[in-house]
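S.K.: Let chain L serve as the given structure and place chain D on it in line with the hints.
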Amino acid sequence: MELQVADVIQWMEKSNDSIQANKDYLSSLDRAIGDGDHGINMARGFQEVVSKLTTSDYQTVSDVLKDVSMTLLSKVGGASGPLFGTAFLKMSTTVKGMEKVDANQLGEAFQEALNGIKLRGKANKGDKTLVDVWEPVVEFFKSSDSIDANALAEVAKQAMESTKELEARRGRAAYLKERSIGHLDPGSVSSYYIFTALSEVLQKGA
Amino acid sequence: MTNVGIVLISHSAKVVEGIYDIITQMVPNVKVELAGGTDDGEIGTSVEKILQAIDRTHHEKGVLLFYDIGSALMNAELAVEMTEHENVAIAEAPLLEGAFVAAVESGMGKTLEEVKEAAESV
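Taken in sequence, the protein lines are chains L and D. Residue numbers for the first sequence follow the working numbering, beginning at 1 and rising by one. Residue numbers for the second sequence follow the working numbering, beginning at 1 and rising by one.
These are calculated hints, taken from the structure and not from any lab test. Check the hints yourself; a few may be wrong.
Think about it this way: if two alpha-carbon atoms lie no more than 30 Å apart in a straight line, the pair counts; the simulated DSSO-like pairs of lysine-lysine are [claimed, not checked]:
{"no.": "1", "chain 1": "D", "residue 1": "K14", "chain 2": "L", "residue 2": "K177"}
{"no.": "2", "chain 1": "D", "residue 1": "K14", "chain 2": "L", "residue 2": "K23"}
{"no.": "3", "chain 1": "L", "residue 1": "K157", "chain 2": "L", "residue 2": "K122"}
{"no.": "4", "chain 1": "L", "residue 1": "K164", "chain 2": "L", "residue 2": "K96"}
{"no.": "5", "chain 1": "L", "residue 1": "K177", "chain 2": "D", "residue 2": "K31"}
{"no.": "6", "chain 1": "L", "residue 1": "K157", "chain 2": "L", "residue 2": "K177"}
{"no.": "7", "chain 1": "L", "residue 1": "K66", "chain 2": "L", "residue 2": "K122"}
{"no.": "8", "chain 1": "L", "residue 1": "K157", "chain 2": "L", "residue 2": "K14"}
{"no.": "9", "chain 1": "L", "residue 1": "K177", "chain 2": "L", "residue 2": "K23"}
Not the full set, but computed from the structure, chain L residues with beta-carbon under 8 Å of chain D [what the hints assert, rightly or not]:
{"no.": "10", "residue": "P82"}
{"no.": "11", "residue": "R120"}
{"no.": "12", "residue": "R172"}
{"no.": "13", "residue": "L176"}
Built from N, CA and C at the ideal position, the CB exists for glycine as well.
Just chain L, same shape as in the assembly (with noise of 0.2 Å):
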């Protein structure tokens, strides 16, 4: 698999596409246990995103990751602007300058966008944070060099589905404690939705 710019800039209106399809639902599930907002933050946040890639120029991958960071920081408003902003601002780092990436170079980018939710967040994986999606999608890549992408969706999606039964330990949700068991956790759904996006890209040849 190679990434070039039009294929993340694809990335990104693909994840847009299924968080504006899915508003409201990951709304109703942070009202059950967050503040209700993360429909509302991820659709607004992921639309400016769109806004901005499909109206610059870009010479490399690194460049639109970063446009994508700086929007979601500012955009968002909610926990999920700090986190999946320093995400995208960490994979920028990691791939600098660079025109495309392959899978070992996507790997490394998103190991640095874990390392990096970890500390804004200071949470680990069980904590019932989009972290639980995040490690398990980074040991995926770690382990082969060629990327399957039906294989990506359904770690990601099994990795998501695992925060239902988990008491969450950082976020709003931290403070219902046991309350907060036997129900999704929304960032991880949120990142779910983006790793099925970048499947669907990478299931088109990219």
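M.R.: Relative to the frame of chain L, chain D by itself:
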């Protein structure tokens, strides 16, 4: 003003406005700037608002940031990483009580480290 500046970060603009009133009634000689709510005036925090508040507050003695819940700390940390200014610190203290104590200490001409320590012992 040559005292340590203070930035109040909250999910709500009303919260920081109220704290501002409480502090400035007693401590008139410390610069206190606000970063409450999102850019659209909704509940939330904004790294841009925090960066702007740091800019308005900053001088050589530094700035101390106070935050409330959730994304406020993450955006405060991002702002510290992104700002061009040196001497910007985050206080691990209750927003109201911590900022109040910090303002009093700052008004007495204390250093950033001293003000931070006083706030964190609240």
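S.K.: When the nearest CB of chain D is found for L176/L, is that gap smaller than 8 Å?
M.R.: Because about 14 Å separates L176/L from the closest Cβ in chain D, which is outside the 8 Å limit, the hint is violated.
S.K.: Starting from K164/L, check that the Cα of K96/L is at most 30 Å away, please.
M.R.: violated, 36 Å
S.K.: With a cut-off of 30 Å on the C-alpha distance, tell me whether K66/L and K122/L pass.
M.R.: Given that 30 Å is the threshold and the Cα spacing comes to 23 Å, the pair holds.
S.K.: Holds or violated: K157/L with K122/L, Cα cutoff 30 Å?
M.R.: The hint holds at about 24 Å.
S.K.: CA of K157/L to CA of K14/L, is that 30 Å or under?
M.R.: Judged against 30 Å, a Cα distance of about 16 Å means the pair holds.
S.K.: Holds or violated: R120/L as interface residue toward chain D, Cβ cutoff 8 Å?
M.R.: holds, 5 Å
S.K.: So if I understand the rule, the pair passes when the alpha-carbon distance is 30 Å or less; does K14/D with K23/L pass?
M.R.: holds, 28 Å
S.K.: Under 8 Å, Cβ to Cβ, is where R172/L needs to be relative to chain D, so tell me if that hint holds or is violated.
M.R.: Holds, about 6 Å.
S.K.: Between the alpha carbons of K177/L and K31/D, is the straight-line distance 30 Å or under?
M.R.: violated, 39 Å
S.K.: Does K177/L lie within 30 Å of K14/D when you go C-alpha to C-alpha?
M.R.: holds, 29 Å
S.K.: Do the alpha carbons of K177/L and K23/L lie within 30 Å of each other, as the hint requires?
M.R.: Holds - the C-alpha atoms of K23/L and K177/L are around 25 Å apart, at most 30 Å.
S.K.: May I ask you to test the interface hint for P82/L with respect to chain D, counting a Cβ-Cβ separation under 8 Å as satisfied?
M.R.: holds, 4 Å
The earlier numbered hints that this structure contradicts are 4, 5 and 13.
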